[in-house]
Amino acid sequence: MGRSTPTVRQYFNSISAVYGKMESMMRSEDIPYLHELIKMGKLHSPEVSTAGMNPEIGFIVSILIEIMKDVDKILNDLK
Amino acid sequence: MNDYLINATGLDIIELWYYAGDKISKERKRNDTWIFISGSEYDMDFLENQLENSDYKNYQREEGKDIYGTFQGVKIHTKPSKIKDLVYAIDCMGVGRKFSIYNADINPQLRYTSENNLTFFPLERLDDHDPDIPFTRISGRMRNNEVTTMEINGREMKPSRESYEDLIDEINGSVFVIYNNNHDFFRRLISAMKDAGIEVPASHFSNGGTYTSYGQVHHNNGRVSLKGKICIEENSFVYSEAGISGLMEVSRMSSLPPSMVSYVTPGTAVSSLEISYAIKNNVLVPLYKSDYEAEKNISDLSRMDMGGTVLQPTPGIYTDVTEIDFSSMYPSIIVNYNLSPETISRNSITGEEADYYAVKEERGFLSLALEGLLRTRLHYKSVKGSDSVYGQRDTALKWMLLTSFGYTGYKNAKFGKIEVHESITSTGRKCLSDAMKIAESMGFSVIHGIVDSLWISGKGSIDRLLSAIKERTRIDIVADGQYEWIAFLPSRSEIGAVNRYIGLRKDGSFKVRGIEIRQKNSPGIVRKFQMDALATLQNCRNVSDISSRYDTIKNLERSYIEKIRQSDSDDFRIRVSPSKWKDQYRVRNMTKRAMESFGSEVEIMPGQEFYISVIDNRRNLFDVDDSNHGIDREFYRKILERSFESFDFIISWARKSIGVSEKPFNKTLDLF
Chain F
30 MGRSTPTVRQ
40 YFNSISAVYG
50 KMESMMRSED
60 IPYLHELIKM
70 GKLHSPEVST
80 AGMNPEIGFI
90 VSILIEIMKD
100 VDKILNDLK
Chain W
13 MNDYLINATG
23 LDIIELWYYA
33 GDKISKERKR
43 NDTWIFISGS
53 EYDMDFLENQ
63 LENSDYKNYQ
73 REEGKDIYGT
83 FQGVKIHTKP
93 SKIKDLVYAI
103 DCMGVGRKFS
113 IYNADINPQL
123 RYTSENNLTF
133 FPLERLDDHD
143 PDIPFTRISG
153 RMRNNEVTTM
163 EINGREMKPS
173 RESYEDLIDE
183 INGSVFVIYN
193 NNHDFFRRLI
203 SAMKDAGIEV
213 PASHFSNGGT
223 YTSYGQVHHN
233 NGRVSLKGKI
243 CIEENSFVYS
253 EAGISGLMEV
263 SRMSSLPPSM
273 VSYVTPGTAV
283 SSLEISYAIK
293 NNVLVPLYKS
303 DYEAEKNISD
313 LSRMDMGGTV
323 LQPTPGIYTD
333 VTEIDFSSMY
343 PSIIVNYNLS
353 PETISRNSIT
363 GEEADYYAVK
373 EERGFLSLAL
383 EGLLRTRLHY
393 KSVKGSDSVY
403 GQRDTALKWM
413 LLTSFGYTGY
423 KNAKFGKIEV
433 HESITSTGRK
443 CLSDAMKIAE
453 SMGFSVIHGI
463 VDSLWISGKG
473 SIDRLLSAIK
483 ERTRIDIVAD
493 GQYEWIAFLP
503 SRSEIGAVNR
513 YIGLRKDGSF
523 KVRGIEIRQK
533 NSPGIVRKFQ
543 MDALATLQNC
553 RNVSDISSRY
563 DTIKNLERSY
573 IEKIRQSDSD
583 DFRIRVSPSK
593 WKDQYRVRNM
603 TKRAMESFGS
613 EVEIMPGQEF
623 YISVIDNRRN
633 LFDVDDSNHG
643 IDREFYRKIL
653 ERSFESFDFI
663 ISWARKSIGV
673 SEKPFNKTLD
683 LF
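The listed protein sequences derive, respectively, from chains F and W. Taking our numbering, the leading residue of the first sequence gets 30, the next gets one more, and so forth. Taking our numbering, the leading residue of the second sequence gets 13, the next gets one more, and so forth.
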């Protein structure tokens with residue numbers, strides 16, 4: 030009973046841990062942006078899980094969706 | 013009521029206990045039984061030759077059927093006490109692979125009652141009550157392995173010859189003996205009574221044990237049996253969850269005697285129900301399974317091995333929210349989608365459809381076996397508000413249904429198969445996604461979803477939505493609660509935690525998940541603070557109301573920090589439940605240090621609970637038996653401050669959303 034393979038959320042946490050290692054070599058003013066990207070990457074795990082897609086690609090797609098939403102909001106505000 | 017069966021004991025002779033007119037009458041019945049063997053024609057000829065030269069000459073060739081179909085085999089008649097030796101001999105003859113053996117490991121009382129259509133605690137109608145059967149409830153306290161206080165049916169007394177005699181009188185006048193055997197309390201009490209020269213019914217003791225369920229380690233207290241009584245340990249799973257009415261209901265459904273129900277898990281109960289259904293319908297029950305899982309490649313395994321869908325909520329406060337829940341989603345899927353090991357097939361269509369579907373038109377075994385359980389539970393769910401007895405029956409059946417799904421993926425489940433497990437979750441994901449799409453098409457927005465529940469907000473008609481979802485998914489769905497507001501709380505990484513929320517229902521009650529008040533190991537002072545904080549938010553109807561409670565919550569927090577000095581010692585007790593033996597802890601954490609404070613005479617087993625107060629965390633001083641006063645204020649201050657965080661988030665979010673500026677919420681990010 031129970032799962033024998035990791036969930037997409039678990040994959041995302043390990044991807045975040047790898048990306049997080051960038052922090053030690055980063056300029057401190059860049060670090061909040063890395064944090065924000067990692068947060069964005071984690072926001073669409075249920076959809077990535079349902080699609081059965083490669084989690085790393087899912088993580089990037091998740092970031093892109095959130096950036097698109099932000100761009101859309103800025104454009105709407107400008108209008 | 014002459015046929016009110018309450019218990020069955022025995023092996024080759026079954027003793028049936030009937031309850032009528034406040035008395036128990038017993039009937040003894042011969043219990044002849046049989047096992048069924050199948051194999052190749054050549055191997056069965058060989059088996060028959062061997063049987064001719066043995067003590068098992070009562071056999072015949074006949075047709076048998078399991079869930080997959082009919083086949084020829086040899087039926088060997090014997091006594092239950094001989095089955096083990098017979099199976100061993102056949103296994104040796106067939107070198108463990110030539111013969112398939114059936115009906116060889118079934119509980120004898122379950123088999124006898126199922127074959128003879130007998131039911132424990134029979135009811136004419138579902139809404140009937142069980143008769144009041146007399147019981148004695150025994151608990152107490154110990155210190156240094158000696159009984160210091162005992163409580164008999166709520167009366168507290170000190171151990172003495174008179175109190176022992178009182179207890180024996182109570183036991184003799186009862187049918188059920190409900191006892192607490194924490195740290196071997198009841199066993200030691202019986203020994204003390206025997207030492208004092210009291211005549212105690214013949215007793216039998218068995219040791220407790222440790223088991224793991226859903227990743228958590230639990231401890232079963234040792235059991236005590238008294239001759240002529242139905243003994244129930246009050247910490248046993250079914251009794252502690254569903255009380256005596258729930259225990260009787262599980263016995264009624266599973267065909268297991270009540271004392272056995274008290275120490276088995278709901279999984280064993282549901283497995284027994286399936287075996288009983290198989291016996292009643294002449295379906296053979298395999299001794300060893302051979303259909304655990306079909307082979308699949310690694311990418312299929314990764315794709316199929318998914319549980320239910322859990323959405324990612326955005327942290328914040330939402331108003332005008334309705335929670336809609338599928339009723340008994342997974343068992344309903346088994347029954348309504350006809351999912352059973354012999355009916356399912358992989359779906360070649362991907363994308364919109366579920367990964368599996370039922371290939372057969374006729375009903376599958378699992379679907380039929382669980383149908384009665386599901387219907388009965390849905391009935392009690394609909395009437396549970398009117399009577400506590402129905403509530404207890406509902407709880408008991410809810411657990412059975414929950415495990416009926418899990419058992420389909422358990423390697424030792426007689427009628428389980430991994431693909432059935434996968435097909436259930438796959439269909440469940442499809443149903444939830446259908447429900448989300450329907451809700452959005454009707455103008456609702458989906459805020460959160462967990463496996464079988466959705467939280468939606470919007471002004472549309474909930475009734476129309478529920479009908480549309482039910483029509484599409486074929487599963488009952490109900491509105492479980494309407495909320496004035498619900499706050500989904502953030503995790504440490506600031507994205508929404510999937511299972512932490514606080515919601516105020518329109519009827520004034522709260523639904524709270526994932527915060528300290530729900531955690532069994534939170535000290536009383538934390539629970540009290542969170543109760544008070546919830547009470548503060550009880551009259552808030554919108555975000556602006558919540559924002560206005562800023563000062564009250566902050567003052568409450570301050571007052572609790574100050575209260576650490578004056579609170580009652582009970583408010584600082586923390587439940588500790590170790591997951592392994594003391595020596596197996598490699599890190600000297602609080603659990604290990606607390607176990608060490610018992611000294612070398614007391615060995616705490618994994619899963620065995622105990623309570624401590626922290627006197628000085630740094631110097632490893634813990635109070636384990638209420639003998640010390642004084643607490644580590646700094647330690648409890650930190651725990652309290654952690655319990656403030658959920659309420660601080662709600663208040664600061666509310667203030668921010670209505671434009672009140674304040675310092676950012678002070679917390680540590682934990683993204684990685």
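Watch out, some of these pointers could steer you wrong.
[Stated by the list, open to error] Keeping only pairs whose Cα atoms sit at most 25 Å apart, straight-line, the calculated SDA-like set for lysine to any residue is: (1) F:Lys-98 with W:Thr-331; (2) F:Lys-68 with W:Leu-323; (3) W:Lys-449 with F:Glu-65; (4) F:Lys-68 with W:Ile-507; (5) W:Lys-668 with F:Asn-105; (6) W:Lys-449 with F:Leu-107; (7) W:Lys-442 with F:Thr-36; (8) F:Lys-68 with W:Gly-320.
[To be verified] Derived CB-CB ranges, DEER-like: (9) W:Ser-579 with F:Pro-61: 17 to 27 Å; (10) F:Pro-61 with W:Gln-494: 38 to 48 Å; (11) W:Ser-556 with F:Lys-108: 53 to 63 Å.
Calculated directly from the structure, the hints in this document are not laboratory data. Keep in mind that this is a model prediction, so the values were computed, not measured. No residue lacks a Cβ here, since even glycine has one placed at the ideal position from N, Cα and C.
Now for the hints, and whether the structure bears them out:
1. As the CA atoms of Lys-98 of chain F and Thr-331 of chain W are separated by approximately 23 Å, the hinted pair is consistent with the 25 Å bound.
2. At most 25 Å may separate the alpha-carbon atoms for a hinted pair to count; Lys-68 of chain F and Leu-323 of chain W meet this at roughly 15 Å.
3. Proximity of Lys-449 of chain W to Glu-65 of chain F is assessed by CA-CA distance (about 29 Å); at most 25 Å being required, the pair is judged violated.
4. Between Lys-68 of chain F and Ile-507 of chain W the CA atoms are separated by roughly 7 Å; this keeps the pair inside 25 Å, and the hint holds.
5. For the proposed pair Lys-668 of chain W and Asn-105 of chain F, the alpha carbon gap of about 22 Å is at most 25 Å, so the pair holds.
6. Distance check on the hinted pair: Lys-449 of chain W and Leu-107 of chain F sit about 31 Å apart at the alpha-carbon level, beyond 25 Å; violated.
7. As the CA atoms of Lys-442 of chain W and Thr-36 of chain F are separated by approximately 18 Å, the hinted pair is consistent with the 25 Å bound.
8. Distance check on the hinted pair: Lys-68 of chain F and Gly-320 of chain W sit about 23 Å apart at the alpha-carbon level, within 25 Å; holds.
9. Separated by about 41 Å at the C-beta atoms, Ser-579 of chain W and Pro-61 of chain F break the suggested range of 17 to 27 Å.
10. The supplied range of 38 to 48 Å is met by Pro-61 of chain F and Gln-494 of chain W, whose beta-carbon atoms lie about 39 Å from each other.
11. About 30 Å separates the C-beta atoms of Ser-556 of chain W and Lys-108 of chain F, a value inconsistent with the hinted range of 53 to 63 Å.
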